[in-house]
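Novice: If you want the building blocks of each chain, they are given just below.
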Amino acid sequence: MGRILDRPLTRQLIAFAILVAFWEYAARAGWVNPLYVPAPSKIGAALVTLFASGSIWPHLGATFAAALGGLALGLAVGVILGAAAAMLPIIAELLQPLMILLNAVPRVVLAPLFVIWLGIGIAAKVALSFILVAVLVFFTVFTGIRQVDRRLVERVVTLGGGRATLLREVYMPSVMAWVLGNLKVAVGFAFTGAVVGEFVAATKGLGYLLSFAQSTYNAALMLALVLLIMVFVLLIFALSEQLERRLLRWRGDQT
Amino acid sequence: MLRVSELALSYGANPVLEGVSLEVEEGECVSLVGPSGSGKSTVLRAVIGLQAPAAGKVALNIDRSEIGFLFQDDALLPWRGAAENVALGLRLRGMPRASALARAEEWLARVGLEGLGERFPRELSGGQRKRVALAQVLALEPKLLLMDEPFSALDAITRARLSQDLLRFIEARRMSVLLVTHDLEEALAFSDVVYLLSRGPKARIAGQYPVPIPRPRDVIKARTHPQFGPLLERIWQNLQHEVVGKTEAKEEALWGEFSTGL
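Chains E and R are the protein sequences, given in the same order.
For what it's worth, our numbering labels the leading residue of the first sequence as 1, then goes sequentially.
For what it's worth, our numbering labels the leading residue of the second sequence as 1, then goes sequentially.
FYI, nobody ran anything at the bench for these hints, they're computed from the structure.
Any given hint might turn out to be false.
Said to hold, decoys possible - As a list, the in silico SDA-like pairs of lysine to any residue whose alpha-carbon atoms are at most 20 Å apart:
| # | chain 1 | residue 1 | chain 2 | residue 2 |
| --- | --- | --- | --- | --- |
| 1 | R | K143 | R | R223 |
| 2 | R | K143 | E | L243 |
| 3 | R | K143 | E | G160 |
| 4 | R | K143 | E | V156 |
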């Protein structure tokens with residue numbers, strides 16, 4: 001018995017169970033207003049209803065499409081612009097002020113603007129998700145290439161390597177390591193962009209449901225949605241971690 | 001093999017070398033010693049073409065691709081296994097991947113790393129990484145080997161073993177060598193001629209000393225040769241005169257780097 005308690009995970013689960021039980025009791029006993037803080041069982045019931053009625057699927061689909069679309073576009077554009085800026089000084093000169101500006105402001109403030117430009121369809125959400133990811137990836141790739149180990153470059157040159165070899169053997173693996181190291185942050189950003197975009201103006205999506213729950217004072221639905229988003233993002237985190245571990249095997253277990 | 005004449009070089013506005021001349025004959029081992037910061041490494045970098053000289057000439061009777069360069073650190077491509085790292089140079093010379101890898105494994109065995117070809121650099125010790133770097137350079141069978149303080153980061157035992165292995169190899173293949181080191185004993189044990197570089201900036205050759213110890217040599221036993229001690233003493237004296245004599249106050253800082261005594 002004592003040995004099971006030695007594991008941190010066991011202790012965390014027990015603490016969590018106690019917290020949920022206390023919360024449930026507090027809600028049922030009327031210590032908190034169930035309108036604001038619904039019992040965990042009510043949140044669970046809201047979740048079950050969402051899935052049982054099947055009404056959640058189009059919303060999940062919309063959010064995932066927007067987030068993954070923004071992620072893919074943001075990665076592609078961020079890598080291309082970051083690489084171009086790192087290798088061609090003129091591009092860096094032109095892009096840097098814009099990137100620094102975009103990096104300095106909280107990019108979600110652009111959400112209403114995208115609604116005006118792109119309407120309340122998926123395009124505005126993809127755009128917000130994209131801009132969040134692209135700026136992050138741009139800086140990652142830009143600094144990644146700038147900070148490539150000079151010694152490795154010289155090594156490959158003295159072994160007889162030219163530009164193509166340097167790109168393939170030194171620059172691409174370095175940049176890949178940087179991008180993969182930031183993949184989790186990028187995924188988080190992509191979902192932030194999608195959900196915030198939907199929150200501002202949309203006809204479907206998890207963000208739209210959240211905004212709907214807010215307008216109807218449905219705290220149970222809101223908490224159920226927050227829980228749902230957490231679960232999906234954690235799932236994608238786990239996937240990125242697997243990918244990172246496989247592709248960065250040479251780096252070993254360093255976190 | 002290699003003739004450097006009146007080489008001058010500066011980093012930006014800072015002159016580093018001024019009128020450095022030295023020669024490496026076919027099958028000869030030559031060392032370049034001097035205080036730290038004098039520009040020893042810069043001479044090597046100019047020879048391989050990593051640094052453009054401001055004046056003077058680097059004449060080679062071989063192609064640059066026939067030069068091997070062993071760096072001071074053991075930086076290998078971290079995302080490539082040991083064998084892949086060794087195979088890289090071979091593949092750049094047009095060898096197909098499979099045969100390059102097979103050749104790489106042979107060379108790893110030759111430097112004492114048999115069966116470790118799959119290991120990533122982080123899974124190897126400092127001494128093992130140095131051996132991989134050595135195999136990487138030797139696998140190309142260079143005619144001229146340039147070495148920039150190749151053993152300075154290793155512990156004494158690893159260093160003695162590795163330099164003995166390397167010396168045996170160099171002698172067997174009659175390879176020409178230009179070794180840069182701040183270790184006078186290492187320079188004497190390895191080479192046929194030791195050149196002394198004066199203190200920078202504007203470093204130049206301050207002395208040239210033939211080493212009359214017969215080959216094949218043993219890096220440890222060479223130190224007991226009757227000529228070894230007197231020669232070491234002489235280079236010391238000249239170093240003192242040439243390099244430190246002018247600025248007594250800085251003596252400590254300059255000499256701290258050299259290993260003393262036997």
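Novice: For K143 (chain R) and V156 (chain E), compute the direct alpha-carbon distance and say whether it is at most 20 Å.
Specialist: Given that 20 Å is the threshold and the Cα spacing comes to 19 Å, the pair holds.
Novice: Between the alpha carbons of K143 (chain R) and G160 (chain E), is the straight-line distance 20 Å or under?
Specialist: Distance ~15 Å between K143 (chain R) and G160 (chain E) Cα, so the pair holds.
Novice: Check the hint pairing K143 (chain R) with R223 (chain R) against an upper bound of 20 Å on the C-alpha distance.
Specialist: Since the Cα atoms of K143 (chain R) and R223 (chain R) sit roughly 27 Å apart, the hinted pair is violated (cutoff 20 Å).
Novice: Within 20 Å, alpha carbon to alpha carbon, are K143 (chain R) and L243 (chain E)?
Specialist: This hinted pair is violated, its Cα atoms lying about 44 Å apart.
In summary, the numbered hints that this structure violates are 1 and 2.
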